[in-house]
Amino acid sequence: MIELRELTKRYGKRVAVDGLSLRVQPGVVTGFLGPNGSGKSTTMRMILGLDAPDHGAALIDGVRYAKLGWPLRAVGALLDAGAFHPGRSARAHLSALAASNDIPGSRVEQVLRVVGLSDVAARRAGTYSLGMRQRLGVAVALLGDPGVLLLDEPVNGLDPEGIRWIRDLLRGLAAEGRTVFVSSHLIAEMALTADRLVVIGRGRLLAETTVAELESGGDSLEDAFFRLTSQDTDYRGVGAS
Amino acid sequence: MSGYGLRQVTRMERIKLRSVRSTWWLAIAAVVLMGAVGTGVGLGYRSHSPVATAAQILNNSLGGAIGAQLLLGALGVLVVSGEYGTGMIRSTLAAVPRRRTVLAAKVAVCGAAALLVGLVASFAGYLGGQLAIRGTAIPAASLGDADILRPVVLTGVYLGVTALIGVGAGTILRHSGAAIGTLFALLFVPMIVAGLFGEDGVAVGRFIPLLMLLNSIAVTSPVPGLFSGWVSALLMCAYAAVAILIGGVLLRRRDA
Chain A
1 MIELRELTKR
11 YGKRVAVDGL
21 SLRVQPGVVT
31 GFLGPNGSGK
41 STTMRMILGL
51 DAPDHGAALI
61 DGVRYAKLGW
71 PLRAVGALLD
81 AGAFHPGRSA
91 RAHLSALAAS
101 NDIPGSRVEQ
111 VLRVVGLSDV
121 AARRAGTYSL
131 GMRQRLGVAV
141 ALLGDPGVLL
151 LDEPVNGLDP
161 EGIRWIRDLL
171 RGLAAEGRTV
181 FVSSHLIAEM
191 ALTADRLVVI
201 GRGRLLAETT
211 VAELESGGDS
221 LEDAFFRLTS
231 QDTDYRGVGA
241 S
Chain B
1 MSGYGLRQVT
11 RMERIKLRSV
21 RSTWWLAIAA
31 VVLMGAVGTG
41 VGLGYRSHSP
51 VATAAQILNN
61 SLGGAIGAQL
71 LLGALGVLVV
81 SGEYGTGMIR
91 STLAAVPRRR
101 TVLAAKVAVC
111 GAAALLVGLV
121 ASFAGYLGGQ
131 LAIRGTAIPA
141 ASLGDADILR
151 PVVLTGVYLG
161 VTALIGVGAG
171 TILRHSGAAI
181 GTLFALLFVP
191 MIVAGLFGED
201 GVAVGRFIPL
211 LMLLNSIAVT
221 SPVPGLFSGW
231 VSALLMCAYA
241 AVAILIGGVL
251 LRRRDA
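Protein chains in written order, with the numbering used here: chain A, 1 to 241; chain B, 1 to 256.
Isolated chain A (complex conformation):
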């Protein structure tokens, strides 16, 4: 379980995450929705201890991330599709990370098969397409067979087949009793993947709901999302004339 307690992050005067409190439960896929710049990525970085909160705390099964004995075996994260050295092969990248958490080499080959990169694992990761980079990121997240998964915009750059693959993978992982927390700014995709939804805007919690609840409001999911976030969208275009 992931628990956020009044999590707050400021960059200068701008408040990126503003007193965010919520619990992400195991066994279901929880979608983390919000417009661009609403604080989703910052929240995820704070959960992983990459950014320090100015106030509040993020806890994984009751402890701060930095206190985890084997972080990769507790939490698997896909933060962005570029968190690797482009000159290093996928296999070496995974092997290095595996070594840090005493994960056996056989597991590296296993996750390479799961994400479909076995045949290209010796190639330098910098030569990969965006979709392959996402798959490598997913392989890193799965490496430690973790109980908690944290994925920031995992479908970015994936083709329709890849999107369906991610969707099935995440639902399968949740069905095994894991906590799956997935951010997206695409409500339509989240509707297909997630059971529960957390909606934020300007770093504040706007709604904790389920896909079913949101759909029962009478309007389309997209309209419901816009209704929720209309006061909290920073960047908006106008119709071309």
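Please keep in mind that the hints were generated in silico from the structure rather than gathered at the bench. Careful, some of the hints might be misleading.
[Unchecked claim] Quick partial rundown of chain B residues pointing at chain A, CB under 8 angstroms, derived from the structure:
| no. | residue |
| --- | --- |
| 1 | S2 |
| 2 | Y4 |
| 3 | R11 |
| 4 | S22 |
| 5 | A95 |
| 6 | R150 |
[Claimed, not checked] Ranges between beta-carbon positions, derived for each pair:
| no. | chain 1 | residue 1 | chain 2 | residue 2 | range |
| --- | --- | --- | --- | --- | --- |
| 7 | A | G172 | B | A108 | 37 to 43 angstroms |
| 8 | B | I192 | A | S21 | 57 to 63 angstroms |
| 9 | B | D255 | A | R227 | 30 to 36 angstroms |
| 10 | B | G195 | A | R64 | 49 to 55 angstroms |
| 11 | A | S118 | B | R46 | 56 to 62 angstroms |
| 12 | A | G116 | B | L149 | 54 to 60 angstroms |
| 13 | A | A57 | B | G177 | 32 to 38 angstroms |
| 14 | A | R10 | B | V249 | 21 to 27 angstroms |
| 15 | B | F184 | A | D223 | 43 to 49 angstroms |
| 16 | B | I192 | A | G19 | 52 to 58 angstroms |
| 17 | A | A122 | B | A36 | 32 to 38 angstroms |
| 18 | A | P160 | B | R252 | 41 to 47 angstroms |
Remember, it's a predicted structure, so these values are computed and weren't measured experimentally. Positions of the beta carbon are idealized from the N, C-alpha and C atoms, including for glycine.
We have chain A; now place chain B onto it with these hints.
Frame of chain A; chain B shown alone:
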């Protein structure tokens, strides 16, 4: 508490260092450069009159260290700044959230590798010089002689420590270009400044890396006024320790 420690993180860093090409290019370049300079020096002295001394050949054949320090310094910088430039640092710190452990592992792995490469490069310089003067009247320098062995070993140590100063600079500045530029400036600019002091330059110069290398570390007998080779090498270690400690404090405080 069961969990990862320096042993696991050191293994990670070893795999990382081995698996990028720049490591191998920089290491090979350092060895080849020193070997070539050593050989060139030896060949240049073959027909020199009066006949060169063993000390002259040795001192000059280690001159490639001036370039090799830049290559190994860059190697040290890239071990850290290469991760910031690519986003790899977030994968690393997510796997190992205790950041001082990450830095300690990088220092251990990069330091050991650079020391090894530095010693091989230094020996290549020595060997190049000696092979090039074979068959001439110039006396050979034996590594059995302490005054010959010491500069060869200490030059290797100097090169290894330069890589560690690079690790510190990379951790502090996080940007490869800025950190390598700063490191080069730190190695060369103080020497130029010391030259402006004229006669008094030695009082300052004995603390300056490149002057220590050329006049105390890589020579059979230090220039008067400078520290002994061992003291100069220790002083370099102290510089590296300061850079790494500052880097460690910043690494803990800053967002990744």
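**Asked** Would you say the C-beta atoms of A/P160 and B/R252 sit inside 41 to 47 angstroms of each other?
**Response** holds (44 angstroms)
**Message:** Quick check on the hint: B/R11 CB to chain A CB, less than 8 angstroms?
**Reply:** This interface hint holds because 4 angstroms falls under the 8 angstroms limit.
**Prompt:** Quick one, is the B/Y4 hint okay against chain A at 8 angstroms, beta carbons?
**Reply:** holds (6 angstroms)
**Item:** Pairwise beta carbon distance, B/F184 to A/D223, judged against the given window 43 to 49 angstroms
**Value:** Violated - the Cβ-Cβ distance for B/F184 and A/D223, about 59 angstroms, lies outside 43 to 49 angstroms.
**Range agreement (Cβ of A/R227 with Cβ of B/D255, hint 30 to 36 angstroms)** = For B/D255 and A/R227 the Cβ distance comes to about 34 angstroms; the hint holds.
**Item:** Cβ distance range 21 to 27 angstroms for A/R10 and B/V249, holds or violated
**Value:** For A/R10 and B/V249 the Cβ distance comes to about 22 angstroms; the hint holds.
**Message:** Just to be sure I understand the hint, the distance between the Cβ atoms of A/G172 and B/A108 should be within 37 to 43 angstroms; is that true here?
**Reply:** 40 angstroms Cβ-Cβ, so the 37 to 43 angstroms window holds.
**Message:** Let's test the interface hint: is any C-beta of chain A closer than 8 angstroms to that of B/A95?
**Reply:** Interface hint status for B/A95: holds (5 angstroms vs cutoff 8 angstroms).
**Asked** Is it true that the C-beta distance of B/I192 to A/S21 lies inside 57 to 63 angstroms, as the hint says?
**Response** Cβ of B/I192 to Cβ of A/S21: about 58 angstroms, so the range 57 to 63 angstroms holds.
**Item:** Beta-carbon spacing of B/I192 to A/G19 - inside the hinted bounds 52 to 58 angstroms or not
**Value:** holds (55 angstroms)
**Asked** Does the Cβ pair A/G116, B/L149 satisfy 54 to 60 angstroms?
**Response** holds (56 angstroms)
**Request:** Determine whether the Cβ-Cβ distance between A/A122 and B/A36 falls within the hinted range of 32 to 38 angstroms.
**Result:** For A/A122 and B/A36 the Cβ distance comes to about 33 angstroms; the hint holds.
Hints 6 and 15 from the list above are not met by this structure, while the remaining hints are.
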